[in-house]
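Peer 1: In case you want the letters, here they are:
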Amino acid sequence: MSLMALREQLNGLVNSMFLEGLLDDQFEQLQMLQDESSPGFIAELITLFCGDSERILAELTKLLDQAVVDYQKVDAFVHQLKGSSSSVGAQHVKLACVQFRQFCEEHNKEGLKGIYFFRCLRALNVVKHEYYLLRGKFDTMLQLEQRIQAYESKQQI
Amino acid sequence: MSSSRGGNGCGGEGERQIHVLAVDDSSVDRAMIARILRSSKYRVTTVDSGKKALELLGLEPDVNMIITDYWMPEMTGYELLKRVKESSELREIPVVIMSSENVPNRINRCLAEGAEDFLLKPVRPSDVSRLCSRIR
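From first to last, the protein sequence lines stand for chains A and B. Letter by letter, the first sequence follows residues 1 to 157 of UniProt numbering. Letter by letter, the second sequence follows residues 1 to 136 of UniProt numbering.
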């Protein structure tokens with residue numbers, strides 16, 4: 001595939017992610033911070049975000065699997081994930097975390113513990129769904145970026 | 001996807017380069033704040049806890065500014081701020097607090113304790129250039 005075609009594919013992918021709301025304008029900030037002096041910045045941040053997110057999702061799954069759920073710990077992890085998704089512009093993931101935290105805060109309501117637990121479980125599944133959807137597109141994005149950068153460095157020789 | 005955009009260079013150059021210590025338990029946010037500061041030509045050291053920040057400050061008094069997350073396990077940014085301001089060696093170093101939550105009480109408490117500024121996350125380059133004039 002030609003360099004131009006690769007670039008078009010990448011731009012098309014990123015634009016569609018903005019349009020669908022998977023990414024918000026914080027991601028534009030990342031794009032502006034990547035330049036010749038720091039060509040791997042977006043890849044670095046996405047890689048850190050994915051590593052962090054998967055670690056947190058695993059912890060959350062474990063926590064909600066306990067006989068007695070420690071909602072404070074759950075909330076702390078969701079807060080972390082909300083923070084990092086906000087920093088990279090992962091809008092849908094961030095919003096799913098906001099919703100999840102609301103359910104965590106409500107869990108203490110008298111007589112309705114079961115319902116809130118169920119909602120938390122569902123909220124976790126929504127976060128997972130949004131995250132893995134985004135992850136797939138990020139993977140494609142990074143692969144395209146790598147191919148483009150390989151092309152560009154060959155051209156400079 | 002990348003575009004050319006130099007920082008405004010307010011971090012200085014060579015010997016006059018301003019050294020910032022960035023403290024955040026999130027690896028994503030550390031990478032983010034480091035990049036933002038470096039694109040404005042600051043020299044940056046990152047650590048992931050208040051404890052490590054104090055250790056480094058004990059060894060290397062050439063830090064010109066501290067920028068720290070508020071919400072960290074074990075030692076919050078507010079506690080770090082207090083320790084810095086209580087120390088005769090460190091109290092002159094400006095401390096900026098970052099937080100993802102807009103809590104007026106929290107902001108006021110930090111400013112009352114001597115914080116230079118309070119930034120809402122996600123932090124942007126424009127937030128950092130705002131600090132530029134205060135630090136010199």
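Calculated from the structure, these hints are not laboratory results. Take these hints with a grain of salt, some might be off.
The list that follows gives simulated cross-link-like pairs (lysine-lysine, BS3-like), each with its CA atoms no further than 27 Å apart [unchecked claim]:
#1 51/B / 73/A
#2 82/B / 51/B
#3 73/A / 52/B
#4 52/B / 85/B
#5 52/B / 82/B
#6 41/B / 52/B
Rough simulated footprint, nothing fancy, chain B against chain A, three-plus residues with beta-carbon under 8 Å [claimed, not checked]:
#7 44-58
#8 79-86
Here a beta-carbon is modelled for each residue, glycine too, at the ideal position from N, C-alpha and C.
Peer 1: For every hint, state whether the structure bears it out.
Peer 2: Hints and how they fare:
1. 51/B / 73/A: Holds, at roughly 22 Å.
2. 82/B / 51/B: 13 Å, holds
3. 73/A / 52/B: Cα-Cα ~23 Å, so holds.
4. 52/B / 85/B: Cα-Cα ~17 Å, so holds.
5. 52/B / 82/B: Since the Cα atoms of residue 52/B and residue 82/B sit roughly 15 Å apart, the hinted pair holds (cutoff 27 Å).
6. 41/B / 52/B: 24 Å, holds
7. 44-58: Check passed, 6 qualifying residues.
8. 79-86: holds (count 6)
Hint violations for this structure: none, all hints satisfied.
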